[in-house]
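Student: Each chain, written out:
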Amino acid sequence: MTAISVRHLWKEYGDQIVLEDICLDFAPRSFVALVGPSGCGKTTFLRILLSQEHATRGEVLIDGRPIAPEPDADRGVVFQRYSVFPHLTVLGNVLLAAELAEAPLSGRLFGARRRQAEEEARALIAEVGLKGAEDKYPAALSGGMQQRLALAQAIMRKPKILLLDEPFGALDPGIRADIHVLMKALWNACEMSVVMVTHDLREAFTLATRIIAFERRRNRPEEAARYGATVAKDIEVWPKRIAGTRNPATGVGGSPDTPHSPGRDDPATSSGTGRDDPALKTA
Amino acid sequence: MRLINVRPDRGTALVLAILPFALVILAYVLGSAERLALNPDDKLLPSFGTIGDAIVKMAFTADNRTGDYLLWSDTAASLGRLLAALAISTAVALVVGVLIGMLPAVRAFLAPFVGMVSMVPPLALLPILFIVMGLGEESKIALIAIGITPFLIRDLAMRVEELPHEQLIKAQTMGASSWLIALRVVLPQIAPRLMDALRLSLGPAFLFLIAAEAIASDSGLGYRIFLVRRYLAMDVILPYVAWITLLAVLMDFALVKARRLIFPWFGAAK
Chain A
2 MTAISVRHLW KEYGDQIVLE DICLDFAPRS FVALVGPSGC GKTTFLRILL SQEHATRGEV
62 LIDGRPIAPE PDADRGVVFQ RYSVFPHLTV LGNVLLAAEL AEAPLSGRLF GARRRQAEEE
122 ARALIAEVGL KGAEDKYPAA LSGGMQQRLA LAQAIMRKPK ILLLDEPFGA LDPGIRADIH
182 VLMKALWNAC EMSVVMVTHD LREAFTLATR IIAFERRRNR PEEAARYGAT VAKDIEVWPK
242 RIAGTRNPAT GVGGSPDTPH SPGRDDPATS SGTGRDDPAL KTA
Chain B
57 MRLINVRPDR GTALVLAILP FALVILAYVL GSAERLALNP DDKLLPSFGT IGDAIVKMAF
117 TADNRTGDYL LWSDTAASLG RLLAALAIST AVALVVGVLI GMLPAVRAFL APFVGMVSMV
177 PPLALLPILF IVMGLGEESK IALIAIGITP FLIRDLAMRV EELPHEQLIK AQTMGASSWL
237 IALRVVLPQI APRLMDALRL SLGPAFLFLI AAEAIASDSG LGYRIFLVRR YLAMDVILPY
297 VAWITLLAVL MDFALVKARR LIFPWFGAAK
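Protein sequences appear in the order of chains A and B.
Numbering-wise, our numbering comes out as the position in the first sequence, counting from 1, plus 1.
Numbering-wise, our numbering comes out as the position in the second sequence, counting from 1, plus 56.
Simulated from the structure, these hints should not be mistaken for lab results.
Since the model is a prediction, treat every value here as computed from it, not as a measurement.
Even for Gly, the Cβ is constructed at its ideal location relative to N, Cα and C.
Errors might be hidden in some of the hints.
Stated by the list, open to error - Here are the computed distance ranges between Cβ atoms for each label pair:
(1) GLU217(B) x GLY112(A): 32 to 38 Å
(2) GLU103(A) x VAL71(B): 57 to 63 Å
(3) VAL312(B) x GLU192(A): 45 to 51 Å
(4) PHE116(B) x ARG114(A): 57 to 63 Å
(5) PRO70(A) x VAL162(B): 18 to 24 Å
(6) HIS55(A) x LEU135(B): 20 to 26 Å
(7) GLY171(B) x ASP235(A): 50 to 56 Å
(8) ALA161(B) x GLY175(A): 43 to 49 Å
(9) ALA164(B) x ARG82(A): 40 to 46 Å
(10) MET175(B) x ARG114(A): 49 to 55 Å
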């Protein structure tokens, strides 16, 4: 159970203010989508959560403690590109997570422990839908399969927080819908919070429990540098999605066996008997 | 049709590839025949028959004085120096290059120094090497190593820096230490690039080898061609030059093949 709390966070590059006084609290197991126009600092914000960059002022707390100054195993990440290692096979990529954790000198596992880790890795690979591709190199995988692999690799370490930087931005819509199903299933199954940067509003509303929109309030050229982005919208998705549960109102939401929750622009699906439908209720 | 869209088929490509070689050989044969017709003792462009005799003498006849088969003993001496130098350079470049590429502190410490050293003309150092190390094997190996190591270091450091930053971040989020990142992420990806860098440095390596052997040596391919130059022995020099070229081509080819075999992911991932 990991709560993230961001206190009065500022990020400046020289004179350029990028993020301005961001205050946010993310509940444990939430799935937060960060949206906003290009260059509004949402990726910078994610990098600060990752400790790839550091806040100029303010602080980020995880479960009440300041985040580590460099990336660590508590926070997994999937980037839009270059998230997997091209010199390792699919199995090798996922196995690497276990090897790096358990063999600080050689970086390799042997014998029984290796077989056990390999089993875990194979199960995870099957879970993300890459069964049969264990011995392929990433270059032989399509973009969607590479991102599935990146997810498996990130989840192998069981991070408390999973950070996604436009992970599905380069995929075509069909593939993206498939991987959304997977993403939801993983979020439901794993004990983690997810923070995702996306520029696709539909994706944000399909997946997230909460949507944060960053926006620069002042964009005139002469004042743009001195005013950073702030939180313009903070939307809780309704009906509430709770990790690991099926949402009773719609029959969709959480659980991995439901393939789709309708996107915002999809035709409404029949939601069955509703509470405002007394006729049906009595029937 | 635009020239950029004209592609030769396989047969044509093969003919086109062979053509320059054939033309050079033809030009040589014609020139040689013309000169020999004027003066049968001409040494400048010997006939293929004379060259063949010289090859038999150098490669398949024991030398009167030493009892060695000269071509082979020369080849062994030269390749020994070359491979020793390449091994030393590779080892040094791998360690220093990866350190410079991965660690900002080491980069600040060493990169300007290596950049400066790489600009020293190695041949200008040869007299110093001869004075300090004597005329033996050490000075020749040192010349080749000094000649190519800075290039290899700089190339490798650049390749390391070129690795997508995302990979290093990702490895950190998987809990890897700097050492493990070097071992499991950087080194395996640098190795095939190192082999490519080695291929590019084969030319300079041979240059420094021949130069060192020409100036002070008692064996080696470079020593031999500079020795027989005194007798205008083109019939020995030409096959030696061809042999040196062939050796370099074979090493290049072997490095490509080995890279494809050992790192099958590399070609597709680039």
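Student: Could you run down the list of hints and mark each one as holding or not?
Tutor: So, going through the hints one by one against the coordinates:
no.: 1; hint: GLU217(B) x GLY112(A): 32 to 38 Å; in the structure: 37 Å, holds
no.: 2; hint: GLU103(A) x VAL71(B): 57 to 63 Å; in the structure: 58 Å, holds
no.: 3; hint: VAL312(B) x GLU192(A): 45 to 51 Å; in the structure: 48 Å, holds
no.: 4; hint: PHE116(B) x ARG114(A): 57 to 63 Å; in the structure: 59 Å, holds
no.: 5; hint: PRO70(A) x VAL162(B): 18 to 24 Å; in the structure: 20 Å, holds
no.: 6; hint: HIS55(A) x LEU135(B): 20 to 26 Å; in the structure: 53 Å, violated
no.: 7; hint: GLY171(B) x ASP235(A): 50 to 56 Å; in the structure: 51 Å, holds
no.: 8; hint: ALA161(B) x GLY175(A): 43 to 49 Å; in the structure: 48 Å, holds
no.: 9; hint: ALA164(B) x ARG82(A): 40 to 46 Å; in the structure: 29 Å, violated
no.: 10; hint: MET175(B) x ARG114(A): 49 to 55 Å; in the structure: 50 Å, holds
Hints 6, 9, counting from the list given before, are not met by this structure.
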